[in-house]
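Given these sequences and hints, build the entire structure.
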Amino acid sequence: MTDTARAPLKRAAMDPTRKTALVAGILYLVTYASSIPAALLLGATLDTPNYILGAGADGPIRLAALFDIVNGLAAFGTAVALYSVLKRQHEGFAIGFVASRLFEAAILFVGILSVVTIANLRDAGVAGADPASVGAVGTGLVALYKTSFVLGTGIPALNAALLGWLLYRSGLVPRAISVIGLIGAATFTSWIVGYVMGVTGPGTPWHGIGVAPIFVWELALGLWMTFKGFSRSAPIVVAATAEAESTGVPATPAVAPTAVAAKAGAA
Amino acid sequence: MTTATSPSTNRAPVDSMRKTALVAGIFYLITFISIPTLALYGPVKTDPGFIVSGASTTPILVGGVLEMIVALAGIGTAVALFSVLKRQHEGFAIGLITTRVFEGAVIVTGVSSIISIVTLQQAGAAGTDAAALVAVGRAQVATFNWSFLLGQSLMPVLNAVLLGTLLYRSRLVPRILPIVGLIGAPLLLAGTVATLFGLAEQYGPVSVTAIPIALWELSLGLWLTFKGFNRSAPIMVAAAAEAASRHDSPPALPVVPAATAASVA
Numbered sequence: 001m002t003d004t005a006r007a008p009l010k011r012a013a014m015d016p017t018r019k020t021a022l023v024a025g026i027l028y029l030v031t032y033a034s035s036i037p038a039a040l041l042l043g044a045t046l047d048t049p050n051y052i053l054g055a056g057a058d059g060p061i062r063l064a065a066l067f068d069i070v071n072g073l074a075a076f077g078t079a080v081a082l083y084s085v086l087k088r089q090h091e092g093f094a095i096g097f098v099a100s101r102l103f104e105a106a107i108l109f110v111g112i113l114s115v116v117t118i119a120n121l122r123d124a125g126v127a128g129a130d131p132a133s134v135g136a137v138g139t140g141l142v143a144l145y146k147t148s149f150v151l152g153t154g155i156p157a158l159n160a161a162l163l164g165w166l167l168y169r170s171g172l173v174p175r176a177i178s179v180i181g182l183i184g185a186a187t188f189t190s191w192i193v194g195y196v197m198g199v200t201g202p203g204t205p206w207h208g209i210g211v212a213p214i215f216v217w218e219l220a221l222g223l224w225m226t227f228k229g230f231s232r233s234a235p236i237v238v239a240a241t242a243e244a245e246s247t248g249v250p251a252t253p254a255v256a257p258t259a260v261a262a263k264a265g266a267a
Numbered sequence: 001m002t003t004a005t006s007p008s009t010n011r012a013p014v015d016s017m018r019k020t021a022l023v024a025g026i027f028y029l030i031t032f033i034s035i036p037t038l039a040l041y042g043p044v045k046t047d048p049g050f051i052v053s054g055a056s057t058t059p060i061l062v063g064g065v066l067e068m069i070v071a072l073a074g075i076g077t078a079v080a081l082f083s084v085l086k087r088q089h090e091g092f093a094i095g096l097i098t099t100r101v102f103e104g105a106v107i108v109t110g111v112s113s114i115i116s117i118v119t120l121q122q123a124g125a126a127g128t129d130a131a132a133l134v135a136v137g138r139a140q141v142a143t144f145n146w147s148f149l150l151g152q153s154l155m156p157v158l159n160a161v162l163l164g165t166l167l168y169r170s171r172l173v174p175r176i177l178p179i180v181g182l183i184g185a186p187l188l189l190a191g192t193v194a195t196l197f198g199l200a201e202q203y204g205p206v207s208v209t210a211i212p213i214a215l216w217e218l219s220l221g222l223w224l225t226f227k228g229f230n231r232s233a234p235i236m237v238a239a240a241a242e243a244a245s246r247h248d249s250p251p252a253l254p255v256v257p258a259a260t261a262a263s264v265a
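Chains as they are written, first to last, in this note's numbering: chain A, 1 to 267; chain B, 1 to 265.
It is possible that some hints are incorrect.
[Claimed, not checked] Taking lysine-lysine and the BS3-like style, the derived pairs with C-alpha atoms no more than 27 angstroms apart in a straight line are:
1) A:19 x A:228
2) A:228 x A:87
3) B:19 x B:86
4) A:87 x B:86
5) A:19 x B:86
6) B:86 x B:227
[Stated by the list, open to error] Stretches of chain B that chain A covers, calculated by requiring three or more beta carbons in the stretch to come under 8 angstroms of a beta carbon on chain A:
7) 94–106
8) 147–155
9) 190–198
It should be emphasised that the hints constitute simulated quantities derived from the structure, not laboratory data. Note that CB positions come from ideal geometry on N, CA and C, so glycine has one too.
Laid out in structure tokens, this is it:
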């Protein structure tokens, strides 16, 4: 970005990974901008006992569902966006990261389905079904939402382990960010295990310590990739730049006639 | 130029791409197999008392099977096309696989909900409160409807954006096909969001917003199946050239390419 003196063509070839970092960084920030309002909107409604039987607008939970849908799609979008760069470090980990983010989003969607089902039943009223039963169904749906939220948002530990390792090894972003992610993977895992075993719960200090590094890691990573991009001195970026420059040499026209002939031969 | 006189070797990549197009096209056509579910699911979706009735559950099971075929065939389209599409843009190509896998997961979640009603209807007679069963049944139908909305309206929007962009840029098929998809995507997105907020009734008149996307998928399926990729598309030209240059280099294992060509033929 600073090499403004260079010719446009040369500059375009300077850092072919900049756009990737920008897209991935923005998607990370989108996950924050969507998941936080969704959680606030749902927290204010679903904790109301027998919300499903209530009257009035259910706009907030539908809006929350839309936010969470955006969150889920942006979540696996980050991994897809980063894949072409990360595979240069380790293809297996890079595709593993795509898989774990996709899995996270799928679990999140199960929770969203529970939430919008509540909206639907609330709208439809209780014709033909008794209120006590609908209330029980509503409680069940809220429980399903909360469980899938905990499990779905537990996957970031796995994401952080995969992506943290890839970024640490590749040096694409400052190592301090990657290290926070790797620490977060460990602390978050400890919390999830404690929660599933019933030893700890939401709102405890353990929860706070477990979640904080992950929160910082994803936010720092999103901001860094959006505004700074990848480190130019990282071997991956150096190699990608060299490739981009070498393909700038017109090598293809010589090949084309052969290809056309091959096409004719095949036809 | 002289290398082009050995058609048996140069034909291999072009033929393998024709096979890719055929497989993807057939998978696309298979995704239309679930159209009868609109009728098959009719009673269970509209009648709240279905779960406590003695009505036949066979249509629901058939519908569930058809939808699972659709979910798998949908993933198949993206996986089949990957090797060709990644030559255009690897990120978009792998993005298409993820959106298709995601779509399949959401569809199967809906199938699980609706088939649960079959289980409860069959088991329900014994000692369960009928009013409670009606409430549970309605929750399952609502979950199904939502997974249908997210899986079979929202995700096709993303698929169309990704694949439409790839095919438009690559010219692998006539551009009018992806154009229909790219026009249909925002239209269906608007219809989906309107339904999500309760502004439009699901399966009602808002369904017309899905027509361009349905046309795009059907026309693409037919084109890929019967016509294949456009041979003058840069990707196809480059693939043929690569194969040709591979045969230019004398020491490259002479026996294997011939065997590959034979197996493809």
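Status of each hint after checking the structure:
1. A:19 x A:228: Measuring from Cα to Cα gives roughly 11 angstroms; hence the hint holds.
2. A:228 x A:87: 21 angstroms, holds
3. B:19 x B:86: 17 angstroms, holds
4. A:87 x B:86: 14 angstroms, holds
5. A:19 x B:86: 18 angstroms, holds
6. B:86 x B:227: 21 angstroms, holds
7. 94–106: holds (count 7)
8. 147–155: Three-residue rule met by the region 147–155 of chain B, so holds; n is 3.
9. 190–198: Since three or more residues must qualify, the claim that chain A covers the region 190–198 of chain B holds, with 4 doing so at under 8 angstroms.
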